[in-house]
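Participant: Sequence:
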Amino acid sequence: MNSITPLHAAKILIVDDQPLNLTLLEHVLASAGYTNVSSTSDAPAVAAMHRLHHYDLIVLDLNMPDMDGFEVLDSLRQIEVEQYLPVLVVSAEPDYKLRALKAGAKDFICKPYDYDELLSRIRNMLEVRLLYTRSRNYGLRMAGHDHLTGLPNRQLFAQTMVPQLAAAWPRASALLLVDLDGFTAINDSQGHAAGDALLCQFAKRLGQLAPPPATIGRLGNDEFALLLPAQLPQAGAVADQIREALQQPFDLPGGQTTMTVSIGIAACPSDIDDVGTLLRYADIALHQAKQEGRDHCCYFTDAMDLQAQTRYQLEHALRLASERGEFELYYQPKVQIGTGRMIGAEALLRWNRPGHGLVSPAEFIPLLERSGLIVPVGAWAIDQACRQIAAWAPHANGPLPVAVNVASRQFADTKLEQTVAEAIARHGIDPGLLSLEVTESALMDDIGRTAATLAALRASGVHIAIDDFGTGYSSLAYLKRFPVDTLKIDIAFIREVTSNPDDAAVVDAIIAMAHSLKLEVVAEGVETAAQLAYLGRHRCDQIQGYYFSRPLPAAQLDQMLRDDIRLRLPADAGDAPERTLLIIDDEPHMLTSLQRLLRQDGYRVLTANGAAQAFALLAQYPVQLVLCDQRMEEMSGTELLDKIKQMYPDTFRIILSGYTDLNTIMESINRGALYRFYTKPWDNRTLRSNIDAAFRHYWQLHGLQEPAAPQLAMAAGA
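760 is the number of the first residue of the sequence shown in the working numbering; add one for each residue after it.
Hints are not guaranteed to be accurate.
As the list claims (entries may be wrong) - What follows is a list of derived Cβ distance ranges for each label pair:
#1 Gln1315 / Gln1405: 36 to 44 Å
#2 Thr1017 / Ala807: 26 to 34 Å
#3 Thr1438 / Ala1268: 35 to 43 Å
#4 Thr1017 / Ser797: 55 to 63 Å
#5 Glu839 / Leu766: 17 to 25 Å
#6 Leu1117 / Gly1220: 30 to 38 Å
#7 Ser797 / Pro1012: 51 to 59 Å
#8 Glu839 / Thr794: 17 to 25 Å
#9 Glu1181 / Gln967: 50 to 58 Å
#10 Thr1017 / Ala1314: 22 to 30 Å
As the list claims (entries may be wrong) - The list that follows gives simulated cross-link-like pairs (lysine-lysine, BS3-like), each with its CA atoms no further than 25 Å apart:
#11 Lys1239 / Lys1277
#12 Lys1439 / Lys1277
#13 Lys1404 / Lys1277
#14 Lys870 / Lys856
#15 Lys1439 / Lys1402
#16 Lys1049 / Lys963
#17 Lys1439 / Lys1404
It is worth saying that the hints were derived from the structure and are not from the lab.
Being a predicted model, the structure only gives us computed values, none of them experimental.
For every residue, glycine included, the Cβ atom is placed at its ideal position computed from N, Cα and C.
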């Protein structure tokens, strides 16, 4: 038996007020193989029937008593708006032909008609109708589906959410938005073919992981969506399964790779029951997950919504601020440690928001970067800095070099070199007075382009500094390749440089490396005399921070220039040899007794009641000998001396304790953390003699001449 073709299975409706005509036409069509033919003499019901059955062809007689064919055509046009109207008009009045075609009919045949001609007309019309239907359905599918993965796109996914949420009601549904972390890097490093392969493989894994009732969509680029008829705990379990599935590598043209995802989850009806708002809430949760770093999952909360609204309002206000000129530059001085003179300044962006006052840079600068506004605002900052350089050029204590921060997005802008050149020319300044500060991460985004950009800027005479050095991932090889003038040590290493051996080691290494490459070193965020003294003793070139000055408006910095304000170096911070002893004990009477005892022997005696004071003094003074109590609340003496050994390995370190924890002390001696160990109570004469011997040993060991000291007073009872 032959199978029925789509053409012969087409739905056909015959409309005529004469029953005989209906019977004849039904018989003719059936004889021709058409299997889905129906008929009616009720003209007013035709539109409703077509709305219900979506006929592929309607054979319509124009001459009917209750409602003529033209009225039927008009009612059908209301259904098939801007669509193919599948009507073949039949009439004994040939003059109606043109009128019928203008009314929307696709063909016309006069009665009495030849049945072969009628069947030919019907066949032709059905072929066109079916072709149109297939094309329309394909177009609708293409318009509603992602061409790469075949998944519903954002528009179709949102449309399908409506009946699915309604079907699940009042039970819970959960929407998961899933974003691939680092997808852009795959496209950039391996090409778009690898990115497409990754997206297809990821879509397949989502399909395997999602429970059967779930709907999956690709909302754009590397963002996918899952709608689950599930409570939040079940949705969280699916999110965990997705994250675990990504631990299995993806096979890409450039080799295998693993990925992580950020996931945002919102629930219906507990969060909201409106599709648009549910999508927005899930997107807010996804944004929060991204903010927390890679491989995070966040559930929507009302606090997130408030934060998102605030962020939106702030971003809108920033756009207005850029248009209205609400930004200004503050300037933080850079000081040369050796002379104390101000030798430059960093221009820092500030926003004086009307009705709010100064907004924290940590609050608005990330928004400038995310929105792309940092590019025009950064160009404005470069221009304003050049204007200020020109204003300070004739100053008696000028000119003053100014550094401007260049954000990652701004550094990647192809117009950066042009922006800088035009600003320099516009204000007629020496290019060497302008410095651009770029972070390590911005430099490492594209090594080849970075090298070319920096070379072009340096060729124009502009100075280049690497900002926040030590927090990125640049290597010595790239430092040698990049034409830079200055390294700026990030504030994260300066905060505890006097007390954290690891931070101190990083700072020392950066200074040594920079000087070996003939680069200047600037320490950011210097706030204490101890930090300054430490950096000075370790040959750092410049400092910047609140210890000397906070960022100031141009007028206030101008006054500092006029007054020739200089940095006061900490007293006794030099390296002149002097017999200096540091005593550490958390009992004040012990400090007083030891200080009184040992000062008479000509030592400079420093005292500290704990680790914080001890490290501050060690940073400011060249100490040869440390005398430390073992039992202290903050940390034990051996623990403290271990840290001191790491940071000041040349010092001699002595424990003085009334408690004999011999195992701990012997371990410290064996690993070199201790020079000697004395017990309490001590013998004054013996202690003084041993400390004098320790100082002599120190000078001999380091090949230095011992400073002159008064004759030891060894009187009885001393």
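Participant: Taking the hints in turn, state whether each one holds.
Facilitator: We went through each hint and held it up to the structure:
{"no.": "1", "hint": "Gln1315 / Gln1405: 36 to 44 Å", "verdict": "holds (41 Å)"}
{"no.": "2", "hint": "Thr1017 / Ala807: 26 to 34 Å", "verdict": "violated (58 Å)"}
{"no.": "3", "hint": "Thr1438 / Ala1268: 35 to 43 Å", "verdict": "holds (39 Å)"}
{"no.": "4", "hint": "Thr1017 / Ser797: 55 to 63 Å", "verdict": "holds (60 Å)"}
{"no.": "5", "hint": "Glu839 / Leu766: 17 to 25 Å", "verdict": "holds (20 Å)"}
{"no.": "6", "hint": "Leu1117 / Gly1220: 30 to 38 Å", "verdict": "holds (34 Å)"}
{"no.": "7", "hint": "Ser797 / Pro1012: 51 to 59 Å", "verdict": "holds (56 Å)"}
{"no.": "8", "hint": "Glu839 / Thr794: 17 to 25 Å", "verdict": "holds (24 Å)"}
{"no.": "9", "hint": "Glu1181 / Gln967: 50 to 58 Å", "verdict": "holds (56 Å)"}
{"no.": "10", "hint": "Thr1017 / Ala1314: 22 to 30 Å", "verdict": "violated (55 Å)"}
{"no.": "11", "hint": "Lys1239 / Lys1277", "verdict": "holds (11 Å)"}
{"no.": "12", "hint": "Lys1439 / Lys1277", "verdict": "violated (51 Å)"}
{"no.": "13", "hint": "Lys1404 / Lys1277", "verdict": "violated (30 Å)"}
{"no.": "14", "hint": "Lys870 / Lys856", "verdict": "holds (12 Å)"}
{"no.": "15", "hint": "Lys1439 / Lys1402", "verdict": "holds (23 Å)"}
{"no.": "16", "hint": "Lys1049 / Lys963", "verdict": "holds (23 Å)"}
{"no.": "17", "hint": "Lys1439 / Lys1404", "verdict": "holds (23 Å)"}
The structure shown violates the earlier hints numbered 2, 10, 12 and 13.
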